[in-house]
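Asks: Below, each chain spelled out in residue letters.
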Amino acid sequence: MSRTLKVPGIAYGGDYNPEQWPEEVWAEDVRLMREAGVNMVSVNIFAWALLEPSEGTYDFSRLDRILALLHENGIAADLATPTAAPPAWFFRAHPEALPVDKDGRTLSYGSRQTFCPSSPAYREAALRIARVLGERYADHPAVVMWHVHNEYGCHNGECYCDTSAAAFRVWLRKKYGDDLAALNDAWGTTFWSQWYYDWDEIIPPRATGAVPNPTHQLDWRRFCSDELLSLLKAEREVLLEAAPDTPATTNFMVMYNFDKLDYWRWAPELDVVSNDHYLQSTDPESEIDIALSGDLVRSLAGGAPWLLMEHSTGAVNWQPVNRAKTAGELRRNALAHVARGADGIAYFQWRAAKAGAEQWHSAMLPHAGTDSQIWRDVVALGADLGSLAEVRGSRGVAEVAVVWDWNAWWALELPSQPSAEVRFQGLIRTWYEPLWRSGVAVDFVRPDADLSAYKLVLAPSLYLVDEAGKANLTDFASGGGVLAVGFHSGAVDENCHIRLGGYPGAFREALGVRTDELFPLLPGDAVELSDGGTATLWSERVALAGAEAVTSYTSGPLTGTPAVTRHTYGSGTTWYVATLPDPTTLASLLSRIREEAGVEPVRTTPEGVEAVLRRGPDADYLFLINHGEEDADVEVAPRAVELLTGEKIEDGVPARVAAGGVAVVREPR
Amino acid sequence: MSRTLKVPGIAYGGDYNPEQWPEEVWAEDVRLMREAGVNMVSVNIFAWALLEPSEGTYDFSRLDRILALLHENGIAADLATPTAAPPAWFFRAHPEALPVDKDGRTLSYGSRQTFCPSSPAYREAALRIARVLGERYADHPAVVMWHVHNEYGCHNGECYCDTSAAAFRVWLRKKYGDDLAALNDAWGTTFWSQWYYDWDEIIPPRATGAVPNPTHQLDWRRFCSDELLSLLKAEREVLLEAAPDTPATTNFMVMYNFDKLDYWRWAPELDVVSNDHYLQSTDPESEIDIALSGDLVRSLAGGAPWLLMEHSTGAVNWQPVNRAKTAGELRRNALAHVARGADGIAYFQWRAAKAGAEQWHSAMLPHAGTDSQIWRDVVALGADLGSLAEVRGSRGVAEVAVVWDWNAWWALELPSQPSAEVRFQGLIRTWYEPLWRSGVAVDFVRPDADLSAYKLVLAPSLYLVDEAGKANLTDFASGGGVLAVGFHSGAVDENCHIRLGGYPGAFREALGVRTDELFPLLPGDAVELSDGGTATLWSERVALAGAEAVTSYTSGPLTGTPAVTRHTYGSGTTWYVATLPDPTTLASLLSRIREEAGVEPVRTTPEGVEAVLRRGPDADYLFLINHGEEDADVEVAPRAVELLTGEKIEDGVPARVAAGGVAVVREPR
Amino acid sequence: MSRTLKVPGIAYGGDYNPEQWPEEVWAEDVRLMREAGVNMVSVNIFAWALLEPSEGTYDFSRLDRILALLHENGIAADLATPTAAPPAWFFRAHPEALPVDKDGRTLSYGSRQTFCPSSPAYREAALRIARVLGERYADHPAVVMWHVHNEYGCHNGECYCDTSAAAFRVWLRKKYGDDLAALNDAWGTTFWSQWYYDWDEIIPPRATGAVPNPTHQLDWRRFCSDELLSLLKAEREVLLEAAPDTPATTNFMVMYNFDKLDYWRWAPELDVVSNDHYLQSTDPESEIDIALSGDLVRSLAGGAPWLLMEHSTGAVNWQPVNRAKTAGELRRNALAHVARGADGIAYFQWRAAKAGAEQWHSAMLPHAGTDSQIWRDVVALGADLGSLAEVRGSRGVAEVAVVWDWNAWWALELPSQPSAEVRFQGLIRTWYEPLWRSGVAVDFVRPDADLSAYKLVLAPSLYLVDEAGKANLTDFASGGGVLAVGFHSGAVDENCHIRLGGYPGAFREALGVRTDELFPLLPGDAVELSDGGTATLWSERVALAGAEAVTSYTSGPLTGTPAVTRHTYGSGTTWYVATLPDPTTLASLLSRIREEAGVEPVRTTPEGVEAVLRRGPDADYLFLINHGEEDADVEVAPRAVELLTGEKIEDGVPARVAAGGVAVVREPR
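Sequence lines, in order, name chains E, Y and S. Here my numbering is used: the first residue of the first sequence is 4, the next is one more, and so on. Here my numbering is used: the first residue of the second sequence is 4, the next is one more, and so on. Here my numbering is used: the first residue of the third sequence is 4, the next is one more, and so on.
Quick caveat, the hints were computed from the structure, so don't treat them as lab data. No experiment lies behind these values; they were computed from the predicted model shown. Mixed in with the good hints there might be a few duds.
Note: identical chains are not told apart, hence a pair may lie in one copy or across any two.
To be verified - Straight line, CA to CA, 30 Å or less: simulated BS3-like cross-link-like pairs of lysine-lysine:
1) LYS105 to LYS263
2) LYS105 to LYS357
3) LYS105 to LYS177
4) LYS177 to LYS357
5) LYS178 to LYS357
6) LYS177 to LYS236
Sequences and hints are given; from them, build the entire structure.
Replies: Pasting the structure below:
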């Protein structure tokens, strides 16, 4: 799409909810925004109740004043449709629009995002307010982007009510071409007497006595993602009609705790991809989740720009214990997102709330006001981002692709697997970590993506893969690439049917191995490896069928059996990592694989210094983020300039990155 | 109120449920009661089904016989309205009176206290039986007190049904003077599009997709307490009409596991305050919970007498593993309650049940009968209490007040706080423990209480405080008192709105500090303090604004920042304890604060010997409870007499308290 | 009953679900069955939806072909009524037949066994398909047994709907002879005002505010077991009418995780008793659970034959982590069942599923096909079983009886016990383990069983015992037997009423002890014993009343109190084990008791070698199962033959059992 975001340089701002404050506060808000270098804020996200006091009556006066004030002060507005939180009057009129959970429990209104995604009443009300809003502000000079809804699926990713059941059937009839036998085959309903003779017999996978059918559950997950997507598309269409040139975004939640939506299907619908990212207080290395999520969002966006739409300046409020950030962490976090390709940094939220459920969530302007470390950091960050304007639009470059697929994730974590301890995100991160530590650039890809740009493809966990994905990945290898596959991959097809004849089904031939039985390890159990390492979580009885054993078990019931194998396949090489090696062993292994593939790190750096590259039309931008406690030196190209300070770096002299600090070095090409 | 309890000396007895036994057992009951010195029993608590076999038909013959038998044997009756457990026929006729939980689940009858507090049918039925009972037994010579209901809110503290929703709205309209805008302001409903345009849109904080509005939740808690209180008052009124001179009580549950009722609002409605207290099997120092609860109940009662209405002679039956008492513990527990001001000791229950859900709950007369240690202890305790008759009516004396507020408790433990690990009761006990170990007498007070009698006021946890409470506490300090405040106090006002400008909001000025950011500590994390101690749970970035740093952090992200501060404020002194020091460090700190305030312990005793004083008109009663394993000597005043043995203590000779034993020393003034 | 199973030798096979596969696979199935020596398979278990596409219309063509194919290949069919999984159309027509859980949540169809056991619609539909099936295949030459339903109560052991409530009332009226006062007495409804004045007031023990009445709960458990039993009997009767000579079975679930059915009441209704047994992945000694379960099933069967109907060849799929079997474990598991009396070994299932909720459950023919260790083991096992044909019908012989009672189990684990840590199965296994390690043969018995064949009776946990059971057990002792009783036994009568006067109620006199108070131990707590051991979980204050103390506590509050006692009672001896000694101490104690009772092990074996005997008409069959890692030698009788190899054992030479191996030695008598 060609609609561009008309904000200069790197966008900087946050969610701005002035309706929660007396109007006398607003003037201070914009004054301080200017002080901090804020150039775009997201408004109107939760304003539905105020905009539409009763069905079909509107009061836009407050929003008019807000937008005018922003415009007067040179601050752009990312204007949200307020459809994530319908007013109380809506639910009183339409109680059937409340969502129902798996156990048949109807949730009540009183928080947010508590509506049934399939509710016709909700859809009608949401499109109505979106249309009125779109038409009113289509040409408003402050409005540079539509922020459609907010965090789709955050609290209502699945609704099991009868309306949803009917919508599920519509979705299934479309998917299966109105052929019920095809559905019965795909779901394997000869099992447990589950054959359907009428579409109307099909219901969501509600709580039932035993385990529901896995394909039923998987199609349900797909439907739930698509059902919310249909709402995005409907709102988008309404807005596009009103304002054909204004770009639209919605904020994804690519982070450690959200799995409801198949964002590969969502991203193409957006002009600008946005992401909300929060740190997990118990994660001692949150910077890795930032990098991983950033790489994934950049990959989802493809060529489109992407923004960090929500992040926190300090602690959040929804974890059991909410950790504050340490000195310099706010800056490192923000610039790490820019390093991974973000062209904007925004926070939830501008001003810390004094009331409501998020009153203990940090903000750009904290409860303590401007005499606070956070505010000082926010102002400094504004200056930093200002000095990075030229970075906008530059792109990441990677030779390594990591396969990421929501279908594989969902299928892997269905009940009644060999091991409930095997988790998709955990495995991806386990493989990602050593790459991150080595400074190796990574893209994420769909199984069926164009892989021609890559030397090495990693599939740490790809339980489910369809024929196209299988062919794409194995063709990549046979065509000369290096492919490394993690255990329990290729096990099932797109219908969750097991690929028979031996594991790892789809990849057996390409990997040159054949497993006849799986040996998941109990929590706490470990086995020893012939290279001196240990392994946990998983093992299996691999027989070589062309491959060579790189490492074998030296303890446990599979002593002597290969744990890691390597195989020449066509013009390329394939690796099978049939267990979970300890971190050091896995790092060595991935280094070896990477080196064989001819993949180099972005830059060699001292331990703790993250190096990321964005490539512009005539210069590279080297981001150096020092997570360690000592200053570090990194070699840079001639004629380099450190952008945050504006200082030139003398040729032959390394760039210095202070402990806990960041440097962004422009290297002319 | 002036209605007095006409039982001589210290009341002694228990719940007596003769309807659960054949009448031939009753004669043995009263014989053994006399043997044990029992002088009052609570009857009729769960007898509704037998008294009223169908709506409006009554059979009082059994109760007549029970009361006659008690009277003949000189045992007074604390006669209960049986309204805590409506009969099955009631629920069959009024299924809408069953309570509904937060998830919309309707509970069934079949246990007890499973009714909706707002049910009109329940209220009508309860008042009907209370009236009939009150009128019948108003002048019965055995009846010395009304025991209204039983443990209000024990199992039905909250009901979320539509009837309750309507009652909630009535309560809200009253509170907010029919001004819906005032409610919207108080709740901050501009947040998340929660604005209400009609009172009928308001519902209880039922299960919803995300976190409900905190003020909504807090008002709900207040309503739930008040709704049950309205039932107490209604029954009380009916009984008062029938018997204007008979005192009334209801049994509170001031102990470690109950938080439903704001007893500050309840206690003034009673002639006699009663409490039920049970030990937690996993608490290795239950004696501290007894002392704390006793102090709190005494404080609630104000000048009124209070009784221990339920306690156990041995193990209870509702904890995962129910610990028996060790040798002497029954006696120490009972006399510790007397020490804290109780004028009566009663147990659940007289005779151990052979059937029903409490069959494994200990009793005064155990399953094993009179040839049992418990029975021997019960008889001995009767003699002990008999020798303490003169203690009745004497009062505790304290120079230290600890602020206790249910609103602050409820608000602190709402979801989405900085740390879910911060718990009100735990913090109070943490501060109370070193005082208890030092023998320092303590009262509990409301934030807006008259503090003129105290030298030192402690607010270990006062997250919410209104303007009146804030002014009262800070005026106490500026007027010359010593005030010590724990972290995360004063954070919000009575509407749960954050007090802006820096923490700890309400107390910032009085404490001479200003915090710009909170740093809760993760479970397992600790930081070091400059005084050699360690701290856990919480830290914050305190800046001095007049105060001096007493202790600072020497590790962690806040190294160098004050952890404990001291400030001269007006004519007084204020302390801010901005973290949770380890027990030894906290004990030292509180000793220092106490000494500066000029507060002395009741008596200096060897470790493990609890000393408590009750002050009579012309003598003090010094209770010495030896929790240790060695005999101990304690200095006493001249002309002292040990009441349990009746022996005079020679002047200059200390009182000896045997290991595990108790002494009660009368010290003439 | 005299209907016999017409399969030669030891039955061998598994669940066969050909309807889940294309017909072209079937030919391979029967070819491989023959290769493996399979002689009987269970068919049709989950075929209802295919057999009856709509109510009253049938399609038996597929089943006809399956049975014909089996018969052609000499494989017998255990033909199931498919009533465990009604089709979707049934629930669409009869939504009221869906079960409701304790919380009022209606479960949905979509898995299996999700129907209300009391539903008239279900009963009608189930008996209709059973009748049609029975009549069609009554004389089919392949059909050798009816497999009624599948795993009764596996997922729907309890339904709390209104239909179930009505059925419960019918059951209660029958039990209490229409005498409501008798029910009120039995349940003790004077407690908590629970008196019932009308049968219609009685409902299931649904979720309620506090703890439900224990007798109410216990009668509910009895009703739920009986209600499912009535379904078994009804289907059985229908089949018997159609095929009077065909034996019937249903598959029990005697294993570590199922407690819904009182199989003592079920077993007499069957011609052949069957059991499903699965290993628990986290149990490091699953072989003990196999032995215990096998002994219990053999005991349930009484004289009737019994089969292992379901077991797994490798990992299951429904535990958190599903462990594969180690080398030789499949064979040891199977032959251990035969050792305990099984006359057949069958697996779930023949061919591993590629779709559906059990796709990751192992099978005889794994996903990998015949080139797999499991398949090789399955073929080898077929040969083993073939060589054991003569063992069929031989019987176990034991001199020790262990009392097992579902009523005691259910009652013990009701809420509000002295300790929720005390679990029936755990205690039984704790006592069973040392017997198993010593090679002592054990039967399980009802409390009122004929005990004349035994020298020693153990009651590790018999919380509830009625008068008949009490008399039977104590008479056994006074008549010269040795009786050992575990703590908290005899506590309540059949109505859950406590037996007053001191614990352990029913056995106080026979054991010569009297306990006045229970002292359960907290998790993590241990006390020391005078014999050098330690004890956990439980203690009580035992006073000797004729018995002698064998061991006493030497630490804790009960120091000096007896922990284990011994008493001469009539002509016999009784032991009371009033705590849970550590395993070594318990083993010593049970050895001493056993030796005093004159009970010998089956055979003395090296550690790790399990020895079990089956007695045939003129020979004994000694099963030797080596769980250890070293070859072992065991002395055998003269003229012995090892059946698995067919080799004679030279007189005087011991039988050798390889590490991990099995030997079955025929010893002529």
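Asks: State for each hint whether it applies.
Replies: Structure-based check of each hint:
1. Proximity of LYS105 to LYS263 under the C-alpha cut-off of 30 Å is found in both arrangements, the shortest distances being 15 Å within a copy and 25 Å between copies.
2. In this assembly of identical chains, LYS105 and LYS357 lie within 30 Å of each other by CA distance solely across copies; the values are 26 Å between and 35 Å within a copy.
3. For a Cα distance limit of 30 Å, the shortest separation of LYS105 from LYS177 inside one copy, 24 Å, qualifies, whereas the shortest one across copies, 38 Å, does not.
4. Taking the shortest Cα distances, LYS177 and LYS357 sit within 30 Å of each other only across copies (25 Å), while inside one copy they are farther apart (48 Å).
5. For a Cα distance limit of 30 Å, the shortest separation of LYS178 from LYS357 across copies, 22 Å, qualifies, whereas the shortest one inside one copy, 48 Å, does not.
6. Taking CA atoms no more than 30 Å apart as the test, LYS177 paired with LYS236 passes inside one copy only; the shortest distance there is 18 Å, against 46 Å between copies.
The structure shown violates none of the earlier numbered hints.
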